[in-house]
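Engineer: Chains as they are written, first to last, in my numbering: chain S, 1 to 630; chain W, 1 to 102.
By construction, these hints were calculated from the structure, which means they are not laboratory data.
Among these hints, one or two may not hold up.
[Stated by the list, open to error] Cβ-Cβ distance ranges computed for the label pairs, FRET-style:
# : chain 1 : residue 1 : chain 2 : residue 2 : range
1 : W       : G99       : S       : A617      : 19 to 27 Å
2 : W       : T2        : S       : Q605      : 46 to 54 Å
3 : S       : L622      : W       : S101      : 55 to 63 Å
4 : S       : Y612      : W       : R54       : 31 to 39 Å
5 : W       : T2        : S       : S602      : 25 to 33 Å
6 : S       : F571      : W       : G99       : 49 to 57 Å
[Stated by the list, open to error] Partial list, computed: chain W residues near chain S (C-beta under 10 Å):
#  : residue
7  : V24
8  : R27
9  : V33
10 : A97
[Stated by the list, open to error] A few chain S residues that face chain W, going by a derived Cβ cut-off under 10 Å, partial list only:
#  : residue
11 : Q605
12 : V609
13 : Q611
14 : A613
15 : A617
Built from N, CA and C at the ideal position, the CB exists for glycine as well.
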Amino acid sequence: MLNLLYLIPALPLGGFLALICTAGRLPRVIIATIGVGSVGVSAALSCMVAISFVSGPPVGHAFSQVLWTWMELPGFAPRVAFHLDPLSLVMVLVVTVVGFLIHLYSVEYMWHDDGFNRFFAYMNLFVASMLTLVLADNLVLLYLGWELVGICSYLLIGFWYREQANANAAIKAFVTTRVGDTAMVVGLFVMFYSLGTLQVQELMAKASEQWQVGSTVAVVAAVLLLGGAVGKSAQLPLQTWLPDAMAGPTPVSALIHAATMVTAGVYLIARTHVIFTLAPVVQTAVAVIGVATLLIAGFSALAQTDIKRVLAYSTISQIGYMFLALGVGAWSAAMFHFVTHAFFKSLLFLGAGGVILAAHHEQNMFRLGGLRRDLPLVFWTFLVGAACLSSLPLVTAGFYSKDAILWYAWSSDKGGIWLWLGGSVGAFVTSVYTFRMVFLTFFGEPRTHVNRRPGVLVGIPLVILAFFSIFAGFVELPHNLGHVRVFSTFLERVLPAANSAAAGAGPETLLQVLSGVLCSSGVLLAYLLFLRGPEHVRVLAETGVGSFLHRLLRSGFGFDRVYDLLVVRPFMWVARVNRNDFVDSLYAAIAVLTDTLHHCLSETQTGRVRQYAFGIAAGAALALWMVVFR
Amino acid sequence: MTPVPMEHGFLLAGTLFCLGLVGVMVRRNLIFVLMSVEIMLNAAGLAFVVAGSRWAQPDGQVMFIFVLTLAAAEVSVALALVLQFFRRFRTLDVDSAAGMSG
């Protein structure tokens with residue numbers, strides 16, 4: 001069964017090739033069958049692979065499949081090879097299953113779009129690339145997948161490229177992540193230069209043998225890898241591209257900019273965790289970046305009006321939690337939050353897509369409202385997602401995953417009270433903005449007319465994802481509540497277990513109660529502020545400080561403004577001044593000189609025979625003179 | 001009868017050649033240009049003859065006969081061209097055929 005591993009990425013790739021080669025000449029039903037079917041079969045295959053992996057684990061809990069040697073160089077021969085271990089298995093399962101559900105949803109969502117074929121071709125390519133990324137056996141192949149998902153993200157953000165704003169958002173996303181990618185590729189060079197291999201397992205083994213803890217080379221490599229992860233996962237300071245990336249179709253936002261691609265950075269850090277353990281400074285930096293990002297993005301989400309932008313900021317913030325977990329060494333907690341986040345965030349995005357579809361593509365929450373009677377299915381599933389995001393205690397998956405992170409932020413030997421405090425404040429803010437979104441969209445007075453109800457293809461993914469958002473949490477329960485450790489035991493074969501310095505059921509229960517109280521009070525606050533008394537918010541926003549704060553949060557703490565001033569404008573200025581590239585002027589001068597000489601010479605072509613005769617005579621005289629007198 | 005010194009012969013040939021050359025360069029009438037070319041050819045022929053007589057070689061006179069044939073052939077072609085020229089431009093001014101300038 002495991003030998004069929006290569007088919008998992010190959011099928012979506014085949015789907016992409018089939019769709020792109022036929023260029024939309026097929027009927028829509030067949031396009032949808034190819035597009036959804038390839039990912040669906042791949043999801044079924046990965047489930048079967050997972051079952052056989054768990055029931056009969058291969059030697060060392062890792063299975064490698066070498067397809068061919070990519071390129072053969074002396075001392076460097078990267079292979080196209082897949083490496084399946086618990087970590088990549090979890091990623092593969094999430095990518096294919098969530099990917100399949102979102103593909104299914106897209107059939108209805110994109111049915112009337114002109115680019116139906118193009119959409120499914122890009123989506124299939126994305127799934128294939130993402131699977132290559134997570135299954136890659138060496139960092140070169142991983143980087144190939146890394147760049148391919150980047151290009152798919154670019155293509156899909158700019159899917160409706162006829163609008164300038166969408167094209168700009170696509171370019172912004174591509175260029176911003178490119179900053180991180182460059183750091184990452186330099187990091188690969190550093191590691192190859194120092195250790196002579198890029199094969200992940202070999203690299204990790206050699207690194208822990210040859211590098212000292214805290215040595216310069218380890219720190220440099222870790223910082224550069226972190227740069228790549230920060231760019232891809234939209235963390236501080238490269239987070240600005242993700243809110244704009246919402247210009248793409250909603251299923252794209254759900255698949256690429258919530259569930260899978262943006263968590264590639266988390267996967268990268270978990271995959272190369274040895275290097276981060278060897279550079280404790282950088283690992284602390286990961287945690288600090290995570291906390292800072294989750295706070296900044298959480299507060300920014302409070303003031304957004306566009307439902308998709310709220311979700312985008314919330315994604316940034318939730319990935320911040322994953323970074324926090326990675327930073328305190330709670331590797332499997334990070335992966336657990338990745339899994340639950342993939343379910344509930346794609347559920348929320350798909351729900352938002354249902355709302356947008358029903359309300360004439362209206363995305364402003366203040367013009368929506370009262371939709372819970374018209375769209376009951378979307379409302380209930382969205383509510384499940386929202387509860388999960390704001391981690392309502394005991395019933396939701398989000399509670400268990402976020403609680404694990406907060407617990408390790410508190411108790412791990414790399415954690416501390418400040419990291420925990422940041423995470424807890426973030427959790428409070430999360431529940432406020434989440435339920436602000438729910439109340440504004442689904443409660444209150446109806447402010448929009450519902451023109452169509454979502455059909456069965458939208459409904460099925462919503463229900464399945466809602467199911468997972470609740471029940472995916474029960475594979476991992478904390479010590480004091482059932483103590484189920486299925487997920488972390490599975491992952492601890494590749495990722496080391498977190499060290500809890502201050503273990504004990506007492507403080508853990510206390511922290512859980514505290515976060516439960518915080519989350520519920522957040523919901524209550526959102527209810528009071530946005531449903532009961534919206535006029536208080538309006539009054540508050542009209543005071544001087546209030547309006548300043550509102551504008552600050554609305555603009556995501558002005559990062560765009562700062563980057564615009566510091567990077568974009570100077571660059572555009574240089575581009576404008578140097579419109580005719582000054583390096584070219586040398587070559588232009590040669591052209592001008594030749595042209596001038598040509599004109600001078602062509603002046604002598606008068607067409608008058610007598611002048612030619614004179615020229616011949618003068619030339620003959622000169623030749624004679626030279627022969628005789630020289 | 002004292003032979004004409006070689007220098008005199010060459011001087012005459014050179015003078016004739018220069019006269020012909022100046023004629024080619026300054027005359028605008030095609031017929032006169034052709035006549036000037038004839039003069040230059042004959043100057044060259046004269047130089048051959050003078051040199052042949054100086055070194056008592058027959059080659060000089062052989063070359064003159066060649067020059068003579070050449071001149072005859074040249075004139076026959078040139079006169080045909082002059083006729084065509086006149087038909088096209090209705091004048092014999094060489095400067096009127098300056099259409100290939102630049």
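Engineer: Does each hint fit the structure? Answer for all of them.
Structural biologist: Taking the hints in turn, this is what the structure says about them:
1. G99(W) - A617(S): 19 to 27 Å: holds (23 Å)
2. T2(W) - Q605(S): 46 to 54 Å: holds (53 Å)
3. L622(S) - S101(W): 55 to 63 Å: violated (24 Å)
4. Y612(S) - R54(W): 31 to 39 Å: holds (35 Å)
5. T2(W) - S602(S): 25 to 33 Å: violated (57 Å)
6. F571(S) - G99(W): 49 to 57 Å: 55 Å Cβ-Cβ, so the 49 to 57 Å window holds.
7. V24: This interface hint holds because 5 Å falls under the 10 Å limit.
8. R27: Holds, because the Cβ-Cβ distance from R27(W) to chain S comes to roughly 8 Å (cut-off 10 Å).
9. V33: holds (8 Å)
10. A97: holds (7 Å)
11. Q605: Holds, about 6 Å.
12. V609: The hint holds - V609(S) has a Cβ within 10 Å of chain W, the shortest such distance being about 5 Å.
13. Q611: holds (8 Å)
14. A613: Because about 5 Å separates A613(S) from the closest Cβ in chain W, which is inside the 10 Å limit, the hint holds.
15. A617: holds (6 Å)
This entry does not satisfy hints 3 and 5, going by the numbered hints stated previously.
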